[in-house]
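Colleague: Go ahead and model the full structure; you've got the sequences and the hints to work with.
Protein chains in written order, with the UniProt record's numbering: chain A, 1 to 437; chain B, 1 to 437; chain C, 1 to 437; chain D, 1 to 437.
Among these hints, one or two may not hold up.
Below 27 Å or equal to it, Euclidean Cα-Cα: the simulated DSS-like pairs (lysine-lysine) are [to be verified]: (1) K208/D x K437/C; (2) K203/D x K422/C; (3) K203/B x K422/A.
Since the hints were made in silico from the structure, they are not lab data.
Protein chains: 4
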Amino acid sequence: MVPRYSRPEMVSVWSQETKFRIWFEIEAHACDALAEIGVIPAEAARTIWEKGGAATFDVARIDEIERETKHDVIAFLTHLAEFVGPDSRFVHQGMTSSDVLDTCFNVQLVRASDILLADLDALLAALKRRAFEHKDTITIGRSHGIHAEPTTFGVKLALAYAEFERCRQRLVAAREEVATCAISGAVGTFANIDPRVEEHVAKALGLKPEPVSTQVIPRDRHAMFFATLGVIASSVERLAIEVRHLQRTEVLEAEEYFSPGQKGSSAMPHKRNPVLTENLTGLARMVRSYALPAMENVALWHERDISHSSVERMIGPDATITLDFALARLTGVVDKLLVYPERMEKNLNQFKGLVHSQRVLLALTQAGVSREDAYRLVQRNAMRVWEAGADFLQELLADADVTAALSEDEIREKFDIGYHTKHVDTIFTRVFGTAEK
Amino acid sequence: MVPRYSRPEMVSVWSQETKFRIWFEIEAHACDALAEIGVIPAEAARTIWEKGGAATFDVARIDEIERETKHDVIAFLTHLAEFVGPDSRFVHQGMTSSDVLDTCFNVQLVRASDILLADLDALLAALKRRAFEHKDTITIGRSHGIHAEPTTFGVKLALAYAEFERCRQRLVAAREEVATCAISGAVGTFANIDPRVEEHVAKALGLKPEPVSTQVIPRDRHAMFFATLGVIASSVERLAIEVRHLQRTEVLEAEEYFSPGQKGSSAMPHKRNPVLTENLTGLARMVRSYALPAMENVALWHERDISHSSVERMIGPDATITLDFALARLTGVVDKLLVYPERMEKNLNQFKGLVHSQRVLLALTQAGVSREDAYRLVQRNAMRVWEAGADFLQELLADADVTAALSEDEIREKFDIGYHTKHVDTIFTRVFGTAEK
Amino acid sequence: MVPRYSRPEMVSVWSQETKFRIWFEIEAHACDALAEIGVIPAEAARTIWEKGGAATFDVARIDEIERETKHDVIAFLTHLAEFVGPDSRFVHQGMTSSDVLDTCFNVQLVRASDILLADLDALLAALKRRAFEHKDTITIGRSHGIHAEPTTFGVKLALAYAEFERCRQRLVAAREEVATCAISGAVGTFANIDPRVEEHVAKALGLKPEPVSTQVIPRDRHAMFFATLGVIASSVERLAIEVRHLQRTEVLEAEEYFSPGQKGSSAMPHKRNPVLTENLTGLARMVRSYALPAMENVALWHERDISHSSVERMIGPDATITLDFALARLTGVVDKLLVYPERMEKNLNQFKGLVHSQRVLLALTQAGVSREDAYRLVQRNAMRVWEAGADFLQELLADADVTAALSEDEIREKFDIGYHTKHVDTIFTRVFGTAEK
Amino acid sequence: MVPRYSRPEMVSVWSQETKFRIWFEIEAHACDALAEIGVIPAEAARTIWEKGGAATFDVARIDEIERETKHDVIAFLTHLAEFVGPDSRFVHQGMTSSDVLDTCFNVQLVRASDILLADLDALLAALKRRAFEHKDTITIGRSHGIHAEPTTFGVKLALAYAEFERCRQRLVAAREEVATCAISGAVGTFANIDPRVEEHVAKALGLKPEPVSTQVIPRDRHAMFFATLGVIASSVERLAIEVRHLQRTEVLEAEEYFSPGQKGSSAMPHKRNPVLTENLTGLARMVRSYALPAMENVALWHERDISHSSVERMIGPDATITLDFALARLTGVVDKLLVYPERMEKNLNQFKGLVHSQRVLLALTQAGVSREDAYRLVQRNAMRVWEAGADFLQELLADADVTAALSEDEIREKFDIGYHTKHVDTIFTRVFGTAEK
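Modeller: The following block contains the structure:
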């Protein structure tokens, strides 16, 4: 966790205070269930809720006990007993540490997911607003970094919207993957604890009981969760790189918002660098990288080993905090992005008329020219535009082989930019359900 | 693709012949739609289906043309024209190569998914059969590789069943991710091709139209697909490692089936090595590794670059072929696994009675002993078993502090193995919907 | 291995024929040593060399035997015996399969390294030639994709040269890592085979004896090898991306060579896409990804498990073949790269004079203006160039605060492009040992 | 950085205080060089050293300035000026931020390397001590987790020693990779700063000048550095997994030291879990995972983009702190490992005499039995030991086909354990230079 790439709400999900509070709630809910089925006195459960609920757990004190016992849950229970008194012996009855640890981890991941879902909603809202704003802003589409055919800037943003909409669905599925609770004892057989305890605690915490666990909740769930974050981060990277390209000096069709006091370079004061999106590119690399140790965590030995724990102490916070920060930063970039339609138009016309080459090619084949010949005709005229700065329309009109197949009117008609945008409403309707704001 | 880790059905999904056949179908279906909306003659569409459908495409000939044109789709279209004749000029009207390539790739991934789903079904069936067979086969549960409490071998297999059931659901979702079709032209604006063509082809191929594409189908879909395969491979690895542990000389609770003619070692003839599951461990590493380049493929430049292509030419076949092979091999291992219940029982009793320590601990606390004291009492007796080979029950009965809290009958009652298996039916019902075969 | 990304020399390193030939040589050299120390008859060793040396091993026959024995080395030895006759019983005396397999794998990796080193030499030669050719070709340097200060195209290539020179050193070290031989028996104790056999075979094959092995050669060596290939691939990616940027329509300072018959796009005939370097970007992702399973291969169980084997059957060929192809392709790109100095100059002057802003900033501070004030002065004039297309020199000359600190001559003197290239010879001397061709 | 997996010395390398102190030293050394070549007054350089050297930089204040300027180096320089006064305008003359940032990062990596090298030295010392202690402690070697032939526990440790000795060499090379200094200006041309400044600062800081840089030091160096840490972590994992296997209940040949107050399980007091080595397994996964974003960092755009920065802010500390902690923890594990030779002997004899099977096989072939027949003879007797608990020697003596080839004495002679350890001194001499302590 690097403070500069962290936001407080997500950080607090992973604080020691939050963790101990969740531990307490798991234990206290379990006591309710144990009391309900007659294993411990109902009075004890009430006392535990009352005294534990009022307690402020002392992280330093728990750490101190852990240094002696080398066991975190025992340290916590010992500390809890300092508040609860003799009834504390009813806490954790028949449970094993992982019942608490694993269920807590999942509670934290679910909370983190909820924050990330809200982040995605904010990003989607920004993308939608800007997409409609620029629905008809003509810009050149590029494949291989080379000018292809016109599109609109709104379509670019609609694409990002559709992509993050998919990311949202994936995250909902990933949240569901980890929204489980296990209170099943040392090897998952419920030998010392009735399955009804698990069912009660799961319900109380908004989770589902893990159908079959083995001291630990199976880690394929978490592998899927972190892999999903990696995929979402890769989409963040894609949009970030799009912005970086648009802000290149030679392109300059859009720029990250540049605040008045901001300095671009200690040596070149005029430089406006796309530092936010470059930063997002790096953050995406990190979130993506966490998918691998999460996958390696799946193959725990027999009913469990604890190798996953150190990994999760790192990637639990790091992946969610970093992705939360990245999504929020990306939302800011989208929201305030400076868009330059004039420059888009200027770039589009850099090679005069060349963007219409495919239409001409198609018209030639439809006029009976073989595909191979049409290709050669278009290419020889295109090359004069590309290499000598000629005007594609004029070249075509002066090419006897072309005019043999197409009339001047037919050729001119192919140079209508509106031809390329006629289906933008269709695309918007597919993505947003409507083409109207 | 390594032949020894390949199965023919999946290999054929990725053959050149299959690819060109799919290309043809995409083009021919597109011609139907183009004819339907009046862009090309209906007669031409029929000719294309007829002559192309009857053609046997010559891979070597297409390669030869590609060496000249350096463009694979043009090479194919040129070859197709050799069969179709003059009407071939109506093929690929307004389309761009990626319309064909990307839709074909998704068709291949969908077919691969269907094979993998069948693999998972076979694995699930084997796991279910063996799980019920060993529902009551007592074995020691282990955490940290150390004996913990008893469980049953059936529960181990039920856990694997639940895990691969989740994998199946993930794969269904991953299949859905890539089951899209894009025929949207050079930058996805449908400038030269009506969206109805895409809709028609999608439907004809069992796909959904990609809501918004940009020459390419967005690669976040494929990143999610390959990440999912990586997670499934990690579950393969988990079960493989479980078998490897069980087959260790000192454990020997289960063995991979060993065929009569098989040689274990060129130097030590008696050795029966768990080579299938070791092999699966390595294959899992490979499938997992493919998730990363798939995620790096997401951030294509602008409307597309072609950097994803070489990656997909490798991981498309490699990931699906390897996982198909791994799932089939794992199914064979599960199906024929030699299980040794006597050895399980012997291992369980290696430390006499120690598996019951938690019950004793719990009984002591319920008898009013503080948790800390109970822990110490159990530990001091357990250590004599662990270190000196004593019998845990006898030690407890001889410990005045223990007998002060619990009567002999109460202590003896804690040494009932059935105590640990009383909820196995509950677990089976959760996993399989029933506890009966 | 994808044929389109493979070159025959490297492919042949990994052929079955090559593998069996190496196996034979290992066995035959071992026989020499065994004869030398009197374990087997000298006559037998001679016979083995003679008959085995003359034999053409039949891969299909060996496969057939392996299908029965499920053991590759035994299958090979059985086949070898078909040529050698009764003396074949002296082959493989006291050896274990891995003695052959691991030593063979290292021989293959060493041969692959030698090809890769030759590839790097060819790449370095191309880079050097083009670097000197463009030592003085002025171009704009860019940070964050934004124009910074002038540099030369030769410096860009010198940087790449220095980078691949480092890659070469790393590969030499990586080759050394895997240039070992182990013939140490079932657990590495030389129980059944004298260490002198290992020493003899190592020497004969140009390897060093593995100081301590355990049936297998330790896999940290191979992890380092494949990690090194991943780093080299990342440098390939860097240079590929540089070219892709330079070929962007708006930049167009360089282009991949475009052969006459080549088609850029099935729909847009004029497009010249940087498909080779895009392809290299994807190939780099693959080579990089192989580093991970190689690292996961290190932690084999006890004296060995065989999980590494399937990984190496894949990444051994895939990583070396792909990197070989990528280096050769990159060499071709560099060698034939079309470089457009006029366009470089035009781009450099896109914002009139702005590249000299840092010099002006520095001059102002040296003239006594505080750093903060100088920064503001430069920035306000730079912004008019950036945003309104003004001429930086004229703006400065018209700014009273600037002319209060610097005379007109002093200002004009800052607009000398030669100022930026005065140390190019120093850089070339550092990189190439000389600044002269 | 997770406090529980961190050690203070390495943490301090990455503190803000350390970073600003290094920044100051870079700037002050540069001032010395600038004064030496007459660019700034010598007096100014002295003042800067004096006042800056005495200053305690206020991290909170620098953060505050950075929040306004959004530029960390400018924030630092502004703060430095608060100490130095007017002469501060001579600081950073002609330099660019990356000159400071990149050189500082490399200084930190070099310091981190030195700590890691010391860690490795401590680990090597522990391994050597324990290796000699157990040079002759017989234990079974295992391949595939299955008993193979005897070796000694000392040989296992010698293997680890050799492996970490290689890791040490790799780390020395990796340290060399990053021990460079760049002070070359905005695009690396030294336009505004003389190369002699770089040379001076490099020397003063114990670095080498970067031959050619581009505002940034090329990131292939750092990719190699972090890849090397990943390989070292993989070796940590290997040894950790070895210990985990040895501590398994059924094996129990060694145990992590268990301190008196330590609790193994909150539910099962007798359990002694290999939690340190399980933890190391997880930490290794993390360090390994950082290699990937480091490799992705290589392909910066043109002369630099800043995407690497966020990655390095994370993996710089995380990789080095985690590996430092892991190496220290592993050293403790090795140093205090409880080794149980009696148990090793007991395990070795689990299958009576079977470890001698290869010798018998070899003796049979040397007695003229064909390899195939010898294999079958040994296998049929071995299987009775394996499956029925027979004694291998007795079985062989009772097998007429065996005794037809070998006399009883010849057979008995094969059951000498010393046979397997006769070359241990050779191995130790290869690894440690001597077989004597």
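Colleague: Please go over all the hints and tell whether each is borne out by the structure.
Modeller: Here is how each hint holds up against the structure:
no., hint, in the structure
1, K208/D x K437/C, "holds, 26 Å"
2, K203/D x K422/C, "holds, 23 Å"
3, K203/B x K422/A, "holds, 23 Å"
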